[in-house]
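J.: Residue-level listing of the chains:
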Amino acid sequence: MGALLILVGYFLGLAFDSAIAGLVIAVLVWVVLSLVAYFQGDSILLGMSRAKKIKPDDHPRLYNVVEEMKIASGLEKVPDIYIIDDPALNAFATGRDPNRASVAITSGLLQKLNRDELQGVMAHEISHVRNRDVLLMAMCSVLLGTIVILAYYGSRFLFLGGTGSRRSSSSKGGGQGQIIILVVALVFIILAPIFAQLIYFAISRKREYLADASSALYTRYPEGLASALEKLAASPEQLKSANQATAPMYIINPFRKKGLKASDLTSTHPPVSERIRILRAMAGASFNNYDQAYRHVHGGKGVIAVASLAAETIPIATVKLEGEAGELDEVQRARETSDVMWRLSNYRTIACDCGARLRVPPNFKEPQIKCPHCGRTHQV
Amino acid sequence: MIPGIIIGVVVVVVGIFLWANYNGLVRLRNQVKNAWAQIDVQLKRRYDLIPNLVETVKGYMKHERETLEAVTKARNLAQQASSAGAGERAKAEGELSSALSRLLAVVERYPDLKANQNFLALQEELTSTENKISFSRQFYNDSVLKYNNQTHMVPSNIVASMFGFKAGEFFEVTLAAEREAPKVSFTQ
Numbered sequence: 001m002g003a004l005l006i007l008v009g010y011f012l013g014l015a016f017d018s019a020i021a022g023l024v025i026a027v028l029v030w031v032v033l034s035l036v037a038y039f040q041g042d043s044i045l046l047g048m049s050r051a052k053k054i055k056p057d058d059h060p061r062l063y064n065v066v067e068e069m070k071i072a073s074g075l076e077k078v079p080d081i082y083i084i085d086d087p088a089l090n091a092f093a094t095g096r097d098p099n100r101a102s103v104a105i106t107s108g109l110l111q112k113l114n115r116d117e118l119q120g121v122m123a124h125e126i127s128h129v130r131n132r133d134v135l136l137m138a139m140c141s142v143l144l145g146t147i148v149i150l151a152y153y154g155s156r157f158l159f160l161g162g163t164g165s166r167r168s169s170s171s172k173g174g175g176q177g178q179i180i181i182l183v184v185a186l187v188f189i190i191l192a193p194i195f196a197q198l199i200y201f202a203i204s205r206k207r208e209y210l211a212d213a214s215s216a217l218y219t220r221y222p223e224g225l226a227s228a229l230e231k232l233a234a235s236p237e238q239l240k241s242a243n244q245a246t247a248p249m250y251i252i253n254p255f256r257k258k259g260l261k262a263s264d265l266t267s268t269h270p271p272v273s274e275r276i277r278i279l280r281a282m283a284g285a286s287f288n289n290y291d292q293a294y295r296h297v298h299g300g301k302g303v304i305a306v307a308s309l310a311a312e313t314i315p316i317a318t319v320k321l322e323g324e325a326g327e328l329d330e331v332q333r334a335r336e337t338s339d340v341m342w343r344l345s346n347y348r349t350i351a352c353d354c355g356a357r358l359r360v361p362p363n364f365k366e367p368q369i370k371c372p373h374c375g376r377t378h379q380v
Numbered sequence: 001m002i003p004g005i006i007i008g009v010v011v012v013v014v015g016i017f018l019w020a021n022y023n024g025l026v027r028l029r030n031q032v033k034n035a036w037a038q039i040d041v042q043l044k045r046r047y048d049l050i051p052n053l054v055e056t057v058k059g060y061m062k063h064e065r066e067t068l069e070a071v072t073k074a075r076n077l078a079q080q081a082s083s084a085g086a087g088e089r090a091k092a093e094g095e096l097s098s099a100l101s102r103l104l105a106v107v108e109r110y111p112d113l114k115a116n117q118n119f120l121a122l123q124e125e126l127t128s129t130e131n132k133i134s135f136s137r138q139f140y141n142d143s144v145l146k147y148n149n150q151t152h153m154v155p156s157n158i159v160a161s162m163f164g165f166k167a168g169e170f171f172e173v174t175l176a177a178e179r180e181a182p183k184v185s186f187t188q
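Chains as they are written, first to last, in this note's numbering: chain A, 1 to 380; chain B, 1 to 188.
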């Protein structure tokens, strides 16, 4: 998108016969686009991924889990909850402030996770909302874009003596001082956008660690998120609707490739295996415990800001039993999720006595329907 | 002239100090109040769910009269204790939680019941309400801790004692049994 803008700015600059105008216009357009992304980003993102909003009755378990995490995090309002009909495993949060936030989860992930894992994932997403990461990453991307544009125009001034204007460079032979300045400027112009990009990714990764730590703190149960991440990492499917700008908001990087090097500098997310190891190395559920676990796994300095390290150790909730009373297995969850998806597309489900389930499309007008399996007729 | 300026600066600085600390304390106190209201909402919700649950389960569990009665009794006691102080209340709610977890553990012996849609929906509601109670208690205690720290630490403790901000009371679970995971045994 940045490159496109530069092109637009360039041609506008040609039209106005001034490079400055082009520069100003490019920056202005970039700011406007970023503002649109900030104010309308959630509806655009949710619309693009064809996410369907659910009510509490549609999927009580999902709604309850989100509400539990809303309570644990102290948010004032339950975020809107969306399901994306996609077999890929992912989830994201969006919305510019905590009172106008949404969380979304793919149907694939929803049927894969048990209650504790779902809780861990939702706690991660809610902490993105709570920590205002959407706002932070929007700001960062505005700065990043501005730096890229400025560097580009800077290089044009340097080499061509101004874009658009057809004047030839008048001053000739500046002496050594000027050459040094030129070289320094050149290096600066080449490196600035690269560093800006790297810093952007570094901030994004740091916010992921913070969201993981918050998830452990809210649920008091780091193992839930750890085992959810394990399931996420094992899936090769990629989310179709993700794009580079929204990537920091997902639970794991939607563009991850197999066999990527662990400490990749150009990734919005830390490597999943490392996140799992940190979560499993936690001796308690506080930020302090996460920080210690991080230093243990990763070495070097901690990852959580010192100011929020006040709380000592908080005990982890007792280990929950797998297959606890009332826990559905994966087949039941898959059936439940597909029921919800059909219902959200306005299909009606009729359970026949022979065990077959009839999905009646919304434009079906007949008063009766015959079961194709056993031949009984049902009222629609 | 110069002493006047100095006095003025001191007044402004003290004013800003009081203003910022007072507002911070009020914000935290409101958060504590709010968190307490949250616990209340969830506890009330549990009182409402239990009669439904007992009604649904009764038909299936002929031999568990005692367990069911214990739940009903604990619920009524807890409801009566809801006007009492945090300590007494926490005890009554703890009893109710452990009575409920005994009931849900017994359910494992009744496959018919586990297939009942109505019961499954109720069970999800109950599990979630239990979780919401413990999460709201967790948030309440975190808020109380933050607020109490603020009322005791220098310099905000000066403002706290000036305007009468009292330390809050924690909502502790008195029963050890409630913290343990329910033990499910499949042998009869």
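Incorrect hints may appear among the rest.
Here are the simulated BS3-like pairs of lysine-lysine, each with C-alpha atoms no more than 27 angstroms apart in a straight line [as the list claims (entries may be wrong)]:
#  : chain 1 : residue 1 : chain 2 : residue 2
1  : B       : Lys-146   : B       : Lys-91
2  : A       : Lys-55    : A       : Lys-77
3  : A       : Lys-52    : A       : Lys-231
4  : B       : Lys-62    : A       : Lys-77
5  : B       : Lys-73    : B       : Lys-62
6  : A       : Lys-55    : B       : Lys-44
7  : B       : Lys-73    : A       : Lys-55
8  : B       : Lys-146   : A       : Lys-77
9  : B       : Lys-58    : B       : Lys-44
10 : B       : Lys-33    : A       : Lys-77
11 : B       : Lys-146   : B       : Lys-114
12 : B       : Lys-114   : B       : Lys-58
13 : B       : Lys-33    : B       : Lys-146
14 : A       : Lys-55    : A       : Lys-206
15 : B       : Lys-166   : B       : Lys-33
16 : B       : Lys-62    : A       : Lys-206
17 : B       : Lys-146   : B       : Lys-73
18 : A       : Lys-231   : A       : Lys-206
Hints were generated in silico from the structure; no laboratory data involved. Quick caveat, the model's predicted, so the values are computed rather than measured.
J.: Indicate, hint by hint, whether the structure satisfies it.
T.: Going through the hints against the structure:
no.: 1; hint: Lys-146(B) <-> Lys-91(B); verdict: holds (24 angstroms)
no.: 2; hint: Lys-55(A) <-> Lys-77(A); verdict: holds (14 angstroms)
no.: 3; hint: Lys-52(A) <-> Lys-231(A); verdict: holds (24 angstroms)
no.: 4; hint: Lys-62(B) <-> Lys-77(A); verdict: violated (42 angstroms)
no.: 5; hint: Lys-73(B) <-> Lys-62(B); verdict: holds (18 angstroms)
no.: 6; hint: Lys-55(A) <-> Lys-44(B); verdict: holds (22 angstroms)
no.: 7; hint: Lys-73(B) <-> Lys-55(A); verdict: violated (34 angstroms)
no.: 8; hint: Lys-146(B) <-> Lys-77(A); verdict: holds (22 angstroms)
no.: 9; hint: Lys-58(B) <-> Lys-44(B); verdict: holds (22 angstroms)
no.: 10; hint: Lys-33(B) <-> Lys-77(A); verdict: holds (16 angstroms)
no.: 11; hint: Lys-146(B) <-> Lys-114(B); verdict: violated (43 angstroms)
no.: 12; hint: Lys-114(B) <-> Lys-58(B); verdict: holds (13 angstroms)
no.: 13; hint: Lys-33(B) <-> Lys-146(B); verdict: holds (13 angstroms)
no.: 14; hint: Lys-55(A) <-> Lys-206(A); verdict: violated (33 angstroms)
no.: 15; hint: Lys-166(B) <-> Lys-33(B); verdict: holds (13 angstroms)
no.: 16; hint: Lys-62(B) <-> Lys-206(A); verdict: violated (56 angstroms)
no.: 17; hint: Lys-146(B) <-> Lys-73(B); verdict: violated (36 angstroms)
no.: 18; hint: Lys-231(A) <-> Lys-206(A); verdict: holds (22 angstroms)
In this structure, the earlier hints numbered 4, 7, 11, 14, 16 and 17 are contradicted, and the remaining ones agree with it.
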